[in-house]
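Residues per chain, in single letters:
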Amino acid sequence: MIELEGRARSEVLREMVDHLAESPDIVDARAFHRAVVEREKLVSTGIGFGIAIPHAKIPGIRRFLVGLGRSRDGIDYPSIDDRPVQIVVMIGGPDGKQSEYLKLLASVQRFLKSEKDSILEAADVDAIRERIRAF
Amino acid sequence: MNEPILQRMRSWWPARRRARSERIERPRPAAATPGARVVCVTSGKGGTGKSLVSTNLAIAVARRLERVALVDADLGLANDHLLLGVHPEGHLLHLLEADRDVADLLTPTPYGFRLLSGGSGVHELAALAPRELFRLIRKLERLRKASDFVIVDTSAGIGPQTLLFLYASREIVLVVTPDLSSMTDGYAIIKTLLHRSTDFRIRVLVNRVRSHDQARRVFDKIRHVCDRFLATEGAAPSIEWIGFLREDALVSSAAMLRRPVFDVHPDAPVSRGMAVIAERLLDSDTPSLELPFAIRRVLADATPDTSPSERRRPGRQRHRGSQAPRSSAIERNFDRGSCTTTSSPSA
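If you read the sequences in order, they're chains A and B. The first sequence maps to residues 1 to 135 in my numbering. The second sequence maps to residues 1001 to 1347 in my numbering.
Worth double-checking, as some hints may not be accurate.
[As the list claims (entries may be wrong)] Pair ranges (Cβ atoms, derived):
#1 A:Val27 - B:Asp1220: 32 to 38 Å
#2 B:Asp1099 - A:Arg63: 46 to 52 Å
#3 B:Glu1247 - A:Val125: 25 to 31 Å
#4 B:Ser1284 - A:Asp73: 46 to 52 Å
#5 A:Val125 - B:Leu1180: 22 to 28 Å
#6 A:Arg63 - B:Ala1126: 46 to 52 Å
#7 B:Leu1180 - A:Phe135: 30 to 36 Å
[Said to hold, decoys possible] Computed list of lysine to aspartate or glutamate pairs in EDC-like fashion (alpha-carbon distance at most 16 Å, straight line):
#8 A:Lys113 - B:Asp1283
#9 A:Lys103 - B:Asp1285
#10 A:Lys116 - A:Glu11
#11 A:Lys113 - B:Asp1179
#12 A:Lys116 - A:Glu130
#13 A:Lys103 - B:Asp1104
#14 B:Lys1139 - B:Glu1097
#15 B:Lys1045 - B:Asp1179
#16 B:Lys1145 - A:Glu100
#17 A:Lys97 - B:Asp1104
#18 B:Lys1139 - B:Asp1101
#19 A:Lys103 - B:Asp1185
#20 B:Lys1139 - B:Asp1179
#21 A:Lys116 - B:Asp1285
#22 B:Lys1145 - A:Glu130
#23 B:Lys1139 - B:Asp1099
#24 A:Lys116 - B:Asp1185
#25 B:Lys1045 - B:Asp1267
#26 A:Lys41 - A:Glu3
#27 B:Lys1145 - B:Asp1179
These aren't lab readings, by the way, just hints derived from the structure by calculation. For glycine and all other residues, C-beta sits at the position ideal for the given N, C-alpha and C.
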């Protein structure tokens, strides 16, 4: 969970990967960053509503990890509805685990649907962590 | 029910396996299976906007998942490629060739997903033999295993080829419009599916409406008729609301440009509606059917049109009344208070 400083998509992806790479479950952070960028080249993961869900599944990650970043100013991130992105949820996980990824994505979507406003209004990162724990 | 092909398939299927298949009617909990989620987009009547929904849904899903495929299963009359502005080099008929794999026939789109075309003007696709349809499903299983999410855009109605795709999946998005024939035909799809199994997850999308209220009235009418005529003894059938799309001239103008409305007019009400529907679709998880189970369901009990009340066996669908609902009674239920007016819902 971090406050994002970057204003461009590439900067934000780097910030989020660096944040998640603190976990020992990411064996190869460079490969993860490469996979996330490649995924964005296929099509942007800006899903609209001010949210982006960059993701990649590679063998160099032991289990699924989720990181959440918030930008108060908005990020220049290609989005399906052309609106600036303020919440970035990055998901990394092992390759070939479609079912687990689909379940995790469903949980993330339910969380964002119910908590998007409170994430944007939260005073700081600790307050957002509280919301996540309460969900 | 229009099922001669399914009956011929049944006779072709070995007797021992067929006997096993007849025991699958009881609903059972969905088991987690490896492979993509498969969602069939269908309608009872043509022209309800299935292709609009399928293509734009694929665009929205491809933002969240990496390996998304759209199968245009309107065999022989496919047109999703036109709405996406791509030129497929192969189509589903080519899958029947021994040396062709499904991966060879997928056309990349600019929207992050791949399209498997159903072929346009290919009359052979509209008249496939049962054995060929099975080969098609078997080869499509490879697509399910290699994908995260598969959307199947079926043809309208309850023709055997449409039913084959519907029976082989678990999640259905039923597209209806506010006119009586669309609602009645949509109900016919629901009845046909629930007659086969109660394991389907059917979600209704109301297209071409003026307002949310009008869409809800359409949905309430369909649910009311389902509750009245298709309820099992313990519970009403599970028909869910997934959302609505407004009537919008921008849809046609985008189609003329051979681009999806999401791409041309991302902020239009219809695009916002699609985004909400995609979000709802993905905020729950419904495991898809593994091939053996899907095929058994396709083959199970392909009896000609019999009403639920005529098929009373444990675990089977039953409606509350002593007689099967007559179509005129159903139509009266839909017709009472037209959905295209602003009258209060009668259901």
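Tested hints:
no.	hint	result
1	A:Val27 - B:Asp1220: 32 to 38 Å	violated (53 Å)
2	B:Asp1099 - A:Arg63: 46 to 52 Å	violated (39 Å)
3	B:Glu1247 - A:Val125: 25 to 31 Å	violated (45 Å)
4	B:Ser1284 - A:Asp73: 46 to 52 Å	violated (33 Å)
5	A:Val125 - B:Leu1180: 22 to 28 Å	violated (55 Å)
6	A:Arg63 - B:Ala1126: 46 to 52 Å	holds (47 Å)
7	B:Leu1180 - A:Phe135: 30 to 36 Å	violated (43 Å)
8	A:Lys113 - B:Asp1283	holds (9 Å)
9	A:Lys103 - B:Asp1285	holds (6 Å)
10	A:Lys116 - A:Glu11	violated (22 Å)
11	A:Lys113 - B:Asp1179	violated (32 Å)
12	A:Lys116 - A:Glu130	holds (14 Å)
13	A:Lys103 - B:Asp1104	violated (29 Å)
14	B:Lys1139 - B:Glu1097	holds (11 Å)
15	B:Lys1045 - B:Asp1179	holds (10 Å)
16	B:Lys1145 - A:Glu100	holds (14 Å)
17	A:Lys97 - B:Asp1104	violated (24 Å)
18	B:Lys1139 - B:Asp1101	holds (7 Å)
19	A:Lys103 - B:Asp1185	violated (33 Å)
20	B:Lys1139 - B:Asp1179	violated (37 Å)
21	A:Lys116 - B:Asp1285	violated (21 Å)
22	B:Lys1145 - A:Glu130	violated (38 Å)
23	B:Lys1139 - B:Asp1099	holds (11 Å)
24	A:Lys116 - B:Asp1185	violated (39 Å)
25	B:Lys1045 - B:Asp1267	violated (29 Å)
26	A:Lys41 - A:Glu3	violated (24 Å)
27	B:Lys1145 - B:Asp1179	violated (38 Å)
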